[in-house]
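S.K.: The listed protein sequences derive, respectively, from chains A and B. Taking the working numbering, I'd label the letters of the first sequence as residues 289 to 552. Taking the working numbering, I'd label the letters of the second sequence as residues 289 to 552.
Just so you know, same-sequence chains aren't split out, so a pair can sit in one copy or run between any two.
Result set (DMTMM-like, lysine to aspartate or glutamate): computed pairs, CA atoms no more than 20 Å apart in a straight line:
id	residue 1	residue 2
1	K385	E474
2	K324	E434
3	K354	D341
4	K366	E538
5	K460	D414
6	K366	D348
7	K324	E395
8	K354	D389
9	K354	D499
Treat the hints as calculated values from the structure; they're not laboratory data. Source: prediction; values computed, not measured.
Protein chains: 2
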Amino acid sequence: MRQFSIILTTLALVTSCAPKEKEGDRFEELFHGELKIVDLTHPLSETSPYWPDPNGYAFDYDTLIKQPSGAPGMGRYKVSEHLGTHMDAPIHFADGKSSIDDIAPNEMFGPAVVIDVSSKCAADADYVLVKQDILDWEAEHGPIPERAIVLMNSGWGNKWEDAAAYKNEDEKGQMHFPGFSAEAAELLIKERNILGIGIDNFSVDRAIATDFPVHLIVNGAGKFHLENVANLDQLPPTGAYLINAPIKIEGGSGGQVRIFAVVP
Amino acid sequence: MRQFSIILTTLALVTSCAPKEKEGDRFEELFHGELKIVDLTHPLSETSPYWPDPNGYAFDYDTLIKQPSGAPGMGRYKVSEHLGTHMDAPIHFADGKSSIDDIAPNEMFGPAVVIDVSSKCAADADYVLVKQDILDWEAEHGPIPERAIVLMNSGWGNKWEDAAAYKNEDEKGQMHFPGFSAEAAELLIKERNILGIGIDNFSVDRAIATDFPVHLIVNGAGKFHLENVANLDQLPPTGAYLINAPIKIEGGSGGQVRIFAVVP
Chain A
289 MRQFSIILTT LALVTSCAPK EKEGDRFEEL FHGELKIVDL THPLSETSPY WPDPNGYAFD
349 YDTLIKQPSG APGMGRYKVS EHLGTHMDAP IHFADGKSSI DDIAPNEMFG PAVVIDVSSK
409 CAADADYVLV KQDILDWEAE HGPIPERAIV LMNSGWGNKW EDAAAYKNED EKGQMHFPGF
469 SAEAAELLIK ERNILGIGID NFSVDRAIAT DFPVHLIVNG AGKFHLENVA NLDQLPPTGA
529 YLINAPIKIE GGSGGQVRIF AVVP
Chain B
289 MRQFSIILTT LALVTSCAPK EKEGDRFEEL FHGELKIVDL THPLSETSPY WPDPNGYAFD
349 YDTLIKQPSG APGMGRYKVS EHLGTHMDAP IHFADGKSSI DDIAPNEMFG PAVVIDVSSK
409 CAADADYVLV KQDILDWEAE HGPIPERAIV LMNSGWGNKW EDAAAYKNED EKGQMHFPGF
469 SAEAAELLIK ERNILGIGID NFSVDRAIAT DFPVHLIVNG AGKFHLENVA NLDQLPPTGA
529 YLINAPIKIE GGSGGQVRIF AVVP
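Let's have the full structure, built from the sequences with the hints guiding it.
M.R.: Printed below as a string of structure tokens:
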């Protein structure tokens, strides 16, 4: 009987070991090229969509040295901190908060939550993700993890190559694309513990929002936004992990960010 | 006796479990803000050192919208792909090879090897890291791991804030800073399996090199360089892991890179 219980203990240890061994591999796998990494970053080019206002300029690229094929061997570029896939540092909408070079690296690594409201947005380009969308997501997938980055899939990512569809201007020149609601931002900031939020179009506030309420709430709380995020349809609702690596401009209000999603 | 052997087996399992559990934590720890991350990236500013040639320009920043404090709420910048902490894509010196947007994310995650030749470089600013420096490092720390990024600590990182010391020009305007030797580059490319190399000054070729032999060898093999890498003196010779996240310029010859070193 004692032998039997010892054998059971042994078996229990073997069993409890197994998942740990698997987990143990994930770190090694990540740095040995063996984990799936989804690049959530659009490439930057002179045709990349940009916000059509007086501070909006296309990405500008000069080839300084040409390779024989005509490809650049060296180039120089000019760009707004907020063009393409980028991060808004808290200082963008909250004077005195962190600039882009001041966000601690650890604050840019965290679990990804993807809330897919793309079908609602397809029906209504002015849709805002509401509190209930978050609660519905949690009912299905469990509580939003600690230190999550909450990404809204509006379906806009697939329009990136077509700047007119991406901007979706009406006859008055008013853009129409979806965003977070203020109540959703309040919930995430006050009742969950998140690192930041992100979206697959120009702005975490929808185009027709006035006074950027979501920017004020999230940047105001010292948190970042990711905008023009690519490939959200390639991520699971939960279980991916983000690495956000913005260009380190001293005192910058934001900047181009490379976003890698690790999907174990 | 049999009971004793079962107990021994149990103990062996407990023992073999322990390091696996620790390993298991590293992935979770990384994405929960619990691992040490060293930022190997210098901040970009108008005083950042740049290569003094006709294609060299200072980092240029315009504030488009000011916060009440005077801090930028929105900015636009102009920069060479090869200013500050940056990655040379293979196409920089090898026509037809990968541009910066074309390097697979998995090829930018790997173990770091840091070869400290800073005392030799302090004695001779034209020093090149030779084959024997690599063999000496391996004699002490073991073989260079598969898929490593091999970083040369020349001691130049600490001069970054002093552009004159960083450039170290003689009376004829010739810069003097150390680099890799061609024989070291050949060894790493042909006899080891590396992802790329990096250095804490302007160039993986020393300043007085002619025709950039190291660029031709490493880019020619389809591998990348990291230049102006910061904080190499904060890394162990082995045991750190690098995440390299360059700005994703379509067809670019290189670009500013955020480099995070994870030091478990």
